[in-house]
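Asks: Protein chains in written order, with our numbering: chain A, 53 to 379; chain B, 53 to 379; chain C, 53 to 379; chain D, 53 to 379.
None of these hints come from the bench; they were simulated from the model. Any given hint might turn out to be false.
Because identical chains cannot be distinguished in the list, a pair is counted as satisfied if it fits within a single copy or across any two copies.
Stated by the list, open to error - Straight-line C-alpha distance at most 20 Å; calculated DMTMM-like pairs for lysine to aspartate or glutamate: (1) K140 - D61; (2) K140 - D96; (3) K179 - E292; (4) K119 - E87; (5) K182 - D312; (6) K119 - D135; (7) K148 - E292; (8) K140 - E95; (9) K182 - E331; (10) K119 - D327; (11) K179 - E331; (12) K99 - D168; (13) K182 - E158; (14) K179 - D329; (15) K179 - E156; (16) K99 - D339; (17) K119 - E95.
Owing to the predicted nature of the structure, the values given are computational and were not obtained by experimental measurement.
As a plain string of letters, each chain reads:
Number of protein chains: 4
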Amino acid sequence: MPTAKHILDPPFNIVRSSHVSLGVTDLGRARAFYEETLGLHVEDVSKDAIYLRGVEERQHHSLVLSKQPEPNAGHLGFKVAGDEELDKAAHFFRAKGLDHTFAEVEYQGRTLRALDPSGMPIELYFKMEKRERLLQNYEHYKGAQPQRLDHFNVFAPNVQGTMNFYLSLGFRLTEYAQEDGPVGRIAAAWLHRKGNVHDLALTNGRGPRLHHLAYWVPGPLNIIHLCDVMATTGYLANLERGPGRHGISNAFFLYVRCPDGHRCEFYTSDYQTMDPDHEPIRWSLTDPRRQTLWGQPAPRSWFEEGSPFGGTPSRAALFEAAVAVAD
Amino acid sequence: MPTAKHILDPPFNIVRSSHVSLGVTDLGRARAFYEETLGLHVEDVSKDAIYLRGVEERQHHSLVLSKQPEPNAGHLGFKVAGDEELDKAAHFFRAKGLDHTFAEVEYQGRTLRALDPSGMPIELYFKMEKRERLLQNYEHYKGAQPQRLDHFNVFAPNVQGTMNFYLSLGFRLTEYAQEDGPVGRIAAAWLHRKGNVHDLALTNGRGPRLHHLAYWVPGPLNIIHLCDVMATTGYLANLERGPGRHGISNAFFLYVRCPDGHRCEFYTSDYQTMDPDHEPIRWSLTDPRRQTLWGQPAPRSWFEEGSPFGGTPSRAALFEAAVAVAD
Amino acid sequence: MPTAKHILDPPFNIVRSSHVSLGVTDLGRARAFYEETLGLHVEDVSKDAIYLRGVEERQHHSLVLSKQPEPNAGHLGFKVAGDEELDKAAHFFRAKGLDHTFAEVEYQGRTLRALDPSGMPIELYFKMEKRERLLQNYEHYKGAQPQRLDHFNVFAPNVQGTMNFYLSLGFRLTEYAQEDGPVGRIAAAWLHRKGNVHDLALTNGRGPRLHHLAYWVPGPLNIIHLCDVMATTGYLANLERGPGRHGISNAFFLYVRCPDGHRCEFYTSDYQTMDPDHEPIRWSLTDPRRQTLWGQPAPRSWFEEGSPFGGTPSRAALFEAAVAVAD
Amino acid sequence: MPTAKHILDPPFNIVRSSHVSLGVTDLGRARAFYEETLGLHVEDVSKDAIYLRGVEERQHHSLVLSKQPEPNAGHLGFKVAGDEELDKAAHFFRAKGLDHTFAEVEYQGRTLRALDPSGMPIELYFKMEKRERLLQNYEHYKGAQPQRLDHFNVFAPNVQGTMNFYLSLGFRLTEYAQEDGPVGRIAAAWLHRKGNVHDLALTNGRGPRLHHLAYWVPGPLNIIHLCDVMATTGYLANLERGPGRHGISNAFFLYVRCPDGHRCEFYTSDYQTMDPDHEPIRWSLTDPRRQTLWGQPAPRSWFEEGSPFGGTPSRAALFEAAVAVAD
């Protein structure tokens, strides 16, 4: 059984998942989708990039769309608790022999970039430029009314190993899916720093690849409205899975694919988890309500397709989990 | 006690309340409110008028904003079941000695205009130009997402008398507010033709004046969103009453005032009433849940202010009803 | 193309769909499902039957569960506009050579039972016993908070023929699904009397069989809550299809199966249709948004399984419609 | 201007607000209200007390109703990050000369009770007995479906002083209401530990007294349903304020009073605040949208009435804030 031991004094203090950049092949097409359809706010635009955020976010961006020859995902961005945490992190990565480097990144200042043991690129920062929040600028609400980036989910070829790494950084396990039987390999894990179900989830599969990023929305009706909008504006095929209720996390959800194939989740109504003695919840891989409380299995694409991280090769999973697929 | 006798064979067949025109003093200011804030769809614009409709309506307009030196209300528009009903109506009005005249009205064709016994101007038509419905054009939904005009509410100086007139036209009583005691004067009445709580409501007061028009919206969250939008876009003072649940009709509601002072209600979730043996529901004037199920009284403005009908003088009510006012 | 001609003066006046009885094999098990889980109100219980209604309904029952050796459906019940309409209907059926008989039915009085030309049993009545409405007895709301019976949907082996019969009774067509091409056979039709999308829908297939009955609920969140309840109380396998948005009707829906296999829909937010010149909407059989606006096809069971009418043999459909099935 | 400096290394680590006990004069009457009407889950009952929790909470109780001769409030309960934090807290209170004592409290074990500098009783604990969560026991959801205790709000006679004390414990300021002008006294402050808008709010007024406790609910419709239920089950007069949208916190809210006069808020949809550089938001006392974004002022009772803490005398506020009152 996975440990639930909470490391109160981690080697450096990650506050939460913060932002990510996605490589897209057509900025105009991507903007039409992310801004006009999903409803994210465009904060800045350059020749090669579009910076977006949710209505609640006072940081400059939680999503960067950057022009690339092929779709891919950039570093997963995490905010740390102070500038000195970046130095502690560099020290930690050095001691572990993990690639890392400091960079000055536009709008977010001093940034530490590193590869985790699975080769997944992450970046840490403390100070991002601030902008006025839009939470009470209700006239600009549109699409699904995304409020804030909530979490990342990645395909991990070795869920147990990657989980152990993030647990050592002070992430805490909230739920996990496990094979039945004496071996009981873990097929998926939900890990948090900020006090809800997750900042980072790991899904067994060829990786590292980005499975999805997720935005928090006010409630289920925002998700239903997004379905209605997408179905009637040419994005019918981009509705991949849902809406539904997750068994894991209890959140109401929808998965959509952008024109470049990146997967975005809209997510609402999970629960709080900040207690140090919070106990993780186990789900059997064979429980049909794990993926969707109402029993609908996810489509094959959801299990197999993801965004490669730029410059990071992926490798096959250590084992194949026996999941229910809607074929 | 009011009769609930349903006249199955009325002198002419009114289908439902359909549209109204409001005189406004500044078309640009009115459009900003009705289109951008409330979310009605502008179907046509002329030099002196703006034609609007809800997303469900396939008729050309349910609201006409016309440039006038002073704010006022035009004829209350009702749709009849066939062109021949207009002739039957003219015959009826002639027999009753009520002023009436035929007009060709833009977009709505042959129209019979008349004054009811209280002097209130109404108009009847059968064929209005049709437009594509917007019900599944979800990307254009905004504001409160008004779907369709639901009803009119008017100040009547003689509720009982006006009610009797409309009952004779085949309107049916669904709910009414009555003084307690042996006299039991009726202070308000809800009358329908289309099968829900009302097409026309009568409120005791100086009249005839338009108390409000109401648009149906999909649900309470649309109304909450409109409050949020109005409160943060300079229309805080235009939020007059609500949101809340009506005791009468059981609908969830909000009343707002446009920049010219016309009152609009947003209304959702009443109940069906088409049974000929449907029995009207009596409310005592002293029941605090009548106006708002949750007990909040309406403000004084709600009881006293209304839109005069152009060219129609109003007169004092026959009696003053003892209503609860939030002062 | 189907006619939209509204018959204003039908041979007899049907007001709306009203009630149905379902034969169930275990009354206790059925009650646990319909009352405790779906949330219908049990109005009366006898040795062999349970009478239920929605919170808005003032009639004694809209659903009767009766003990039977095998699951089946009874007569589809329609309310007429007056007692004399029953005699007009008897006259009409006699002239058409259709089986019919008068019966005294408990709680609903004088009732005319007949077989329509497809052999489907229907019953007409005017006066049912009344009960206090529960609409504002909010503490008793539970399950999906069903408000009222909205419509029936039946498998018809000859949709065009059955549709023509009900059109001749004054039913009006609102939407229909049609094959593309020169023949253009109609595979499904939605017909109403009461002023919304339907009282009766016809689906191409072996019949006559009851496809489903539908209750109106206040909004989508009531349906989501029912999914959550059913998924966690042993009824996971009884969630058959949805929740989703219908392309046809624009309603938000869910289909569930009771322990005896009868299909119930929960339905909300369609649109009004009482205009005599309301034009029906055509959907191509190949449009994936017809069944579900968001593109998810219905499962095979939804196309094939239905409740036989007691004593009425079913026969194969005249043709097989090429529908999208989720297999 | 209040400092936003986050103390990352507080003298002891409070995780979040956790529970409170309320003295009630009639346990049966209180249970009917808190369990049957509000929808809290009764976990345990003794002769003198009832223990309740929300559906998400795995701790034994977040609310204890205890039989008392007069209504009052007990210690405000906060969870700390480990058992050793209790000793650190005792050390801290001793150094500050604040009354404190250890107690063994049923179901929550070793508990440190203390008076803060204003004389308000608080208690700290680490390990409370755990129970199975009810989050996915949807069939038991009722009332407002309270999920978890979110925060306390207390009347403080010296908001600035009390705020400074809690800031020194690592609480962080998220929003505050301030007089305009050069003096700029603070009239209210919102302070958190757990990462949303607050665990503890301070309201200028005679105190210390408990202003209210608040439960998180899934969304606005749960609050609307509670209004409907209370208005129709004899609790109309217990609906004190709302529903509405707070300007501060942006949450949708409702305030109700229990039969003993204790005030409970139902609260949903605020925003996350765990960033160390999160900047507090200032509201002018004269902004009508501060209390309620939609402009409705709170009633006088809301400003004046609160629950005394047992054994703790209250004293007048240092100044009288000029707030808008609905009279």
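Asks: Now, for every hint given, state plainly whether the structure supports it.
Replies: Now the hints, each set against the structure:
no.: 1; hint: K140 - D61; in the structure: both (12 Å within a copy, 16 Å between copies)
no.: 2; hint: K140 - D96; in the structure: neither (31 Å within a copy, 47 Å between copies)
no.: 3; hint: K179 - E292; in the structure: neither (35 Å within a copy, 43 Å between copies)
no.: 4; hint: K119 - E87; in the structure: within (16 Å within a copy, 37 Å between copies)
no.: 5; hint: K182 - D312; in the structure: neither (29 Å within a copy, 40 Å between copies)
no.: 6; hint: K119 - D135; in the structure: neither (30 Å within a copy, 52 Å between copies)
no.: 7; hint: K148 - E292; in the structure: neither (39 Å within a copy, 52 Å between copies)
no.: 8; hint: K140 - E95; in the structure: neither (31 Å within a copy, 45 Å between copies)
no.: 9; hint: K182 - E331; in the structure: between (36 Å within a copy, 10 Å between copies)
no.: 10; hint: K119 - D327; in the structure: neither (41 Å within a copy, 30 Å between copies)
no.: 11; hint: K179 - E331; in the structure: between (32 Å within a copy, 13 Å between copies)
no.: 12; hint: K99 - D168; in the structure: neither (31 Å within a copy, 56 Å between copies)
no.: 13; hint: K182 - E158; in the structure: within (13 Å within a copy, 47 Å between copies)
no.: 14; hint: K179 - D329; in the structure: between (31 Å within a copy, 8 Å between copies)
no.: 15; hint: K179 - E156; in the structure: within (11 Å within a copy, 44 Å between copies)
no.: 16; hint: K99 - D339; in the structure: neither (48 Å within a copy, 39 Å between copies)
no.: 17; hint: K119 - E95; in the structure: within (17 Å within a copy, 39 Å between copies)
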